[in-house]
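Participant: Here the protein sequences come in this chain order: A and B.
Position 159 (the first sequence) corresponds to 159 in the working numbering; numbering is contiguous.
Position 6 (the second sequence) corresponds to 6 in the working numbering; numbering is contiguous.
Just so you know, the hints here were simulated from the structure itself, not pulled from any lab data.
Worth double-checking, as some hints may not be accurate.
Cβ pair distances, simulated, as ranges [said to hold, decoys possible]:
(1) B:Thr9 x A:Pro147: 23 to 33 Å
(2) B:Ile37 x A:Leu257: 29 to 39 Å
(3) A:Pro147 x B:Leu26: 29 to 39 Å
Beta carbons: idealized from backbone N, C-alpha and C, even for Gly.
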Amino acid sequence: MTVLTFTLLILICAFCAGLLGALTGLGGGIIIVPLLVLVFKVNIHYASGASLISVIATSSGAAAAYVREGYSNVRIGMFLEVATTFGAVIGAFVVALVSPAAIAIIFGLVLLFSSYLSLRKQPATRGTHPPDRFAVMLRLNGDYPTPQGKKSYTVRRVPLGFAVCYCAGIVSGLLGIGSGALKVLGMDQAMEIPFKVSTATSNFMIGVTAAASAGIYFHRGYVDPALVMPVMLGVLFGAFVGARILPGAGTRYLRILFSIAILALGAEMLLKGLTGKL
Amino acid sequence: MADAHNQWTDERMDQIISVLLRTGVLLACAVVIIGGIFYVVHHKGPLPDYHTFQSEPANLRGFHGILKGVLASVGRNWIQFGLVVLVATPFARVAFSVFAFFKEKDWTYVVLTLIVLGVLVGSLFGK
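In isolation and in its complexed conformation, chain A is listed as follows:
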């Protein structure tokens, strides 16, 4: 294969990953690494380096829109970034201590878990609770735009959400993904922040979280420019197009389909890791 063919092939695949990731809200980064490792036989270090950089591009691009529309809560984001950035640095350090097979196994488990999270039924709406004292102290409570005007929300279980975000940071630094699903889990489920605000704020945090491990990835030589170039441009353009056609798209079946694809890739990564055939 020539360099041009290889670059174009990756560009097309990355575009599809970004498009599907945006349409389903699951993010394209999560399937980029298994795609590169399993289909293109790229080493897992190069693959996670390419993914990490792409994640910074898509999340910053999407965050620009969300922040402007008033969905992201910048205070929640900044506060939780303390947890995610510390986690991300630790995760990036751990990469050097474990074998590529172990990373593949962890990656497989994270894929299976993400697929479970997106396939299960969303829990029913929650009741009203008194706000958490940390939430008041840190001014985390806020409001967001809805078709019926601005709606306010209160934040709960702040320490638990902080802990989940710390773990999300470790996973991000270890695997080179945004771990948006885990961040949303911490905000939506633990802290009971409205789903739309959780996903927008998660997007806002992903770039900074990934940037905290990027320096270490660069120094270790995980970032190969010729490989990252088509991955990053493809995912970014795909995500951009996906966000444009999102309002008119019937995403329910697409989401189920994409979740099954993640499940299959997760099983394959787990198998490759366990048998040491990477």
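Given chain A, work out where chain B should sit, using these hints.
Facilitator: For chain B alone, kept in the frame of chain A given last:
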């Protein structure tokens, strides 16, 4: 408008962050595309082996090396420089937030944002 000039509200901060993020990503993309075209046009020989990990050469791992290659118009270094611009975008966003919270006199968040900036800057020295 004169009032808005002096007042640092959360909304104004959001607007500036939004512009900052978009500018950073677009600038990075432009540089990466230029470098990418250079690379694809000039690259001779077989496809690099991505299956075995050998780390990148030193001139693609540190900032000085990358910059030297950029001045010598090496495609791979141009791409890498674009990626550095991309990674710098969240740094700039956090640095701006420190300034904005300072203007809002929200000291708790000045401290929290400084911690995040500290972790980011510290990570650049990690190997």
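Participant: So, for every hint listed, does it hold in this structure?
Facilitator: Cross-check of the supplied hints:
1. B:Thr9 x A:Pro147: 23 to 33 Å: The hint (23 to 33 Å, Cβ to Cβ) holds, given that B:Thr9 and A:Pro147 are roughly 24 Å apart.
2. B:Ile37 x A:Leu257: 29 to 39 Å: This hint holds: roughly 35 Å between Cβ atoms.
3. A:Pro147 x B:Leu26: 29 to 39 Å: holds, 31 Å
Of the numbered hints listed earlier, not one is contradicted by the structure.
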